[in-house]
Each structure stands twice: as structure tokens, then as C-alpha cells.
Amino acid sequence: MIAARRAILVIGVVGAAFYAAAQLLAAERVSAENAWVPWAPPTVEVHAAYMTIVNRSNEEQSVVGAESPDYERVELHSSSVKNGVSEMRDVDQVAIPANQRVAFEPGGLHVMLIGPKRPHAVDSRVRIVLRLQSGELVEISAVVRRRDTGSHAGHDQHGAPQ
Amino acid sequence: MIIERRQLLVVATVVAAVALTTVAVARVDAVILDRPALVQAFILDDHNGKPFTADSLKGHWSLILAGFTNCPDVCPFTLANLEQVVAELGLRLRPDRLPLVIFLAVDPDRDRANLKAYVQQFHPDFIGVTGELDQIERALKGLDAVAVRSKPDARGNYSVSHSAAVAVVDPQGGLAGKINPPFDPEPTAEFLADLFRRRDDARTGEMGR
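Chains A and B, in that order, are what the protein sequence lines are. Mapping the first sequence onto my numbering, position 86 (from 1) lands on 1140, and the numbers just tick up by one. Mapping the second sequence onto my numbering, position 16 (from 1) lands on 662, and the numbers just tick up by one.
Hints listed in this document are in silico derivations from the structure and should not be mistaken for laboratory results. Quick caveat, the model's predicted, so the values are computed rather than measured. All C-beta atoms in this analysis are idealised placements derived from N, C-alpha and C, irrespective of residue type, glycine included. Hints are supplied without guarantee of correctness; some may be wrong.
The list that follows gives simulated cross-link-like pairs (lysine to aspartate or glutamate, DMTMM-like), each with its CA atoms no further than 20 Å apart [unchecked claim]:
| # | chain 1 | residue 1 | chain 2 | residue 2 |
| --- | --- | --- | --- | --- |
| 1 | B | K762 | B | D691 |
| 2 | A | K1171 | A | E1099 |
| 3 | A | K1136 | B | D790 |
| 4 | B | K762 | A | E1099 |
| 5 | B | K797 | A | E1129 |
| 6 | A | K1136 | B | D675 |
| 7 | B | K696 | B | E783 |
The calculated label-pair distances, taken between Cβ atoms and stated as ranges, are [unchecked claim]:
| # | chain 1 | residue 1 | chain 2 | residue 2 | range |
| --- | --- | --- | --- | --- | --- |
| 8 | A | T1097 | B | D846 | 35 to 41 Å |
| 9 | A | V1197 | B | K797 | 50 to 56 Å |
| 10 | A | D1146 | B | R795 | 21 to 27 Å |
| 11 | A | V1183 | B | D680 | 30 to 36 Å |
| 12 | B | P798 | A | E1121 | 21 to 27 Å |
| 13 | B | A687 | A | E1121 | 31 to 37 Å |
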């Protein structure tokens, strides 16, 4: 009886260790840099998150979904201009080639955050979890910032280090 | 040896000059009409609920973009860029020649309540206008722009595709042309300042004759 209990405990501890190691590995293999959410007035119900996703593994990784405890719903979107018309469409997955990075930036890919559960203030953080095809999760803490206005700063600096 | 070095310098200068020209041209994608096309009459409301008509476009230059307040990516990005364009124009033009930035909101049911806060997060002088769908359609047509609502999904959510260009309207209420993305602030301001000066000067010349 005691032996059985001990075995379960050992399995549990080993399992937890493996899980933690896998999480750590995932965090190192795929991560997001310079994640930010442009500040919007409280009446605006839809926000966007921008970031650079870095894949340090030797295999292609795909982002297949996203969630946030701070929003009702999260979707992956892409904006594009076709024949002079701006369109926004859902994206099922975003492939990050081996050892490369993919930028989510204004006018292109973005994480669309729908239905804020609480008002967001400048310098506050938004929690986002990206789901990879492998099942791994990438946790992101995006900072809320004002967009660059009234200065000489170009859009290049939107992704500047926090 | 000295000659060689001089030749090298000349070549480098030419390459630099060609590169600069290409960059400047590549960064402003605009279509300017030889003769402005008068924007047909429309009746909308501004974000304070006051009437805004085609006549409201007279007496100043305007930069007008169509969009909707639930647009989280392209519209705010363009409005933020236009704010920077106007700041840059402030360094080049007299205040009375500066354009008004007008956001034509094409999704009135969702836009009305949001409009003021949405446009003013970019600049307190920005104006949001919206109204009845047929009047929005008239305004769009006058600006050579389009807006198409997507089919709602299962949850009733929909998006609106709209012209990416910013319409440039002259102080006589005529569509002077359009600028296309990207709206890099400095070259766009340089381009617009030049256009405003040429058109305003030509007009002053005509009136003086």
C-alpha cells in the first residue's frame, strides 16, 4: 500500500519535472519579443497586439491559436491591401520557419484582442498565451503603450525595446 | 592613384544620388488629378452631432480616410501616421494652410458612440464624421473610395473592408487626389506641402489676374 503510494508520488514528481523541463524548453525554443498593445480609449472594444515571434528550434513551428485571460476572445488576423482596399482576415495558423523570426506589426499580422474584461491603462500588462501546433504554449506579457504621435519617430520604432 | 580615388568618389556620389531619388519616390505613392473633381453633396454628422456636409470641406485642405472604430490595426495606424504628417507639415506651412484630418466612419451603428474618443486619441483637432448609410455612400463616391461590410460570422461579428488611400481635398471642396500607404510622415509631408503651395499659389495668381 505504502509502496504503491510512493510509486504514484515518484511518478508525479518525475512527471512534474518533465512537464517543467518541457515548458522551459518550449520557452527557449519559441518566444515573443517586444510585445505591445497600442492604448485605445475605453469605448473601443477591439485591440491589437504586436510582437516578434522567435523560433530558436531547428524545426518549423506554427502558431495555431491564442488566448488571453484579459479578453473575451483572441484571434490571429492579417491585414492586407488588395486593389487599393484594406482587408482584415482570420488566419488559421502562422508558420515560423526554423531559426527565424516573424514580425506581427501594424498593417500586417496582429493578434486581435476582442472584448476587454477590464480597462487597460498605459504601462499596464496584457497576458496573452499563444498555442503552437506542437501543443506547446508561449506565454506573453504585452505592455500597453501609446502609439508614436507628434514626433519624428517613424513606425519602425513601434517595436522598440520596452 | 589620386585620379583613381577621385573617380571612385564621383561614382559613389552618383550611386548615393540615385539611391536617394529612388527612396524619395518609392516612399510616397500618390495619384494627383490634373483638375480637381468636385466632391458631390452629402449630409453627415461630426463627432459632436453637428452637421458636416460637402460645404464643410471648403476653406481648408482636408485629408480624409474611410474606416471604422472597431478596426484595431490599419485605421489607428493610418491615423497615427497622419498625426505625424500634420506635425511635419507644421514645420513647413503656415497654420492656415494646414489640413484638417477627417475620419469617415462607415459603420455608423457601432461607430457613433465611439467616434469622438476614437479620433481624438490621435489629435484633439481630428474630426470623425458618420451618418446614414446612403449619405456615407455619397461621400465615399465623391472621394473615389469604397467600403464593403463582410458577412457576419456565427457570433454576428463582421469586419469592414475599405479603401486604404487617404483622399486629399482642396479648399474649394474638390478632390485633388489620393495618397496610398505607407504614409511615411516626412516624405508624405514634403509631398503635400509642395502640392498645397503649388495649388494655392496657382489659385492666388488666377484671382489676381
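Are D1146 (chain A) and R795 (chain B) spaced within 21 to 27 Å by their CB atoms?
holds, 22 Å
Please check whether T1097 (chain A) and D846 (chain B) have a Cβ separation lying inside 35 to 41 Å.
Because 38 Å falls inside the window, the suggested range holds.
Holds or violated: K762 (chain B) to D691 (chain B), with C-alpha atoms at most 20 Å apart
holds, 12 Å
Does the alpha-carbon distance linking K1171 (chain A) and E1099 (chain A) stay inside the 20 Å limit?
Roughly 10 Å separates the two Cα atoms, so the pair holds.
Checking one constraint from the list: CA of K696 (chain B) to CA of E783 (chain B), max 20 Å. Satisfied?
Status holds; Cα separation ~19 Å.
Restraint status (C-alpha distance of K797 (chain B) to E1129 (chain A) at most 20 Å):
holds, 17 Å
Can you tell me whether the CB distance of A687 (chain B) to E1121 (chain A) sits inside 31 to 37 Å?
violated, 48 Å
Confirm or reject the claim that V1197 (chain A) and K797 (chain B) have a C-beta distance inside 50 to 56 Å.
Check failed, 35 Å falls outside 50 to 56 Å.
When you check the alpha-carbon spacing of K1136 (chain A) and D675 (chain B), does it fall within 20 Å?
Between K1136 (chain A) and D675 (chain B) the Cα gap is close to 15 Å, so the pair holds against 20 Å.
21 to 27 Å was suggested as the range; check whether the CB atoms of P798 (chain B) and E1121 (chain A) agree with it.
With a Cβ separation near 23 Å, P798 (chain B) and E1121 (chain A) satisfy 21 to 27 Å, so the hint holds.
Are the Cα atoms of K762 (chain B) and E1099 (chain A) separated by 20 Å or less?
This hinted pair holds, its Cα atoms lying about 14 Å apart.
V1183 (chain A) and D680 (chain B), beta-carbon distance inside 30 to 36 Å?
violated, 54 Å
Checked against the numbered hints given earlier, the structure breaks hints 9, 11 and 13 and satisfies all the rest.
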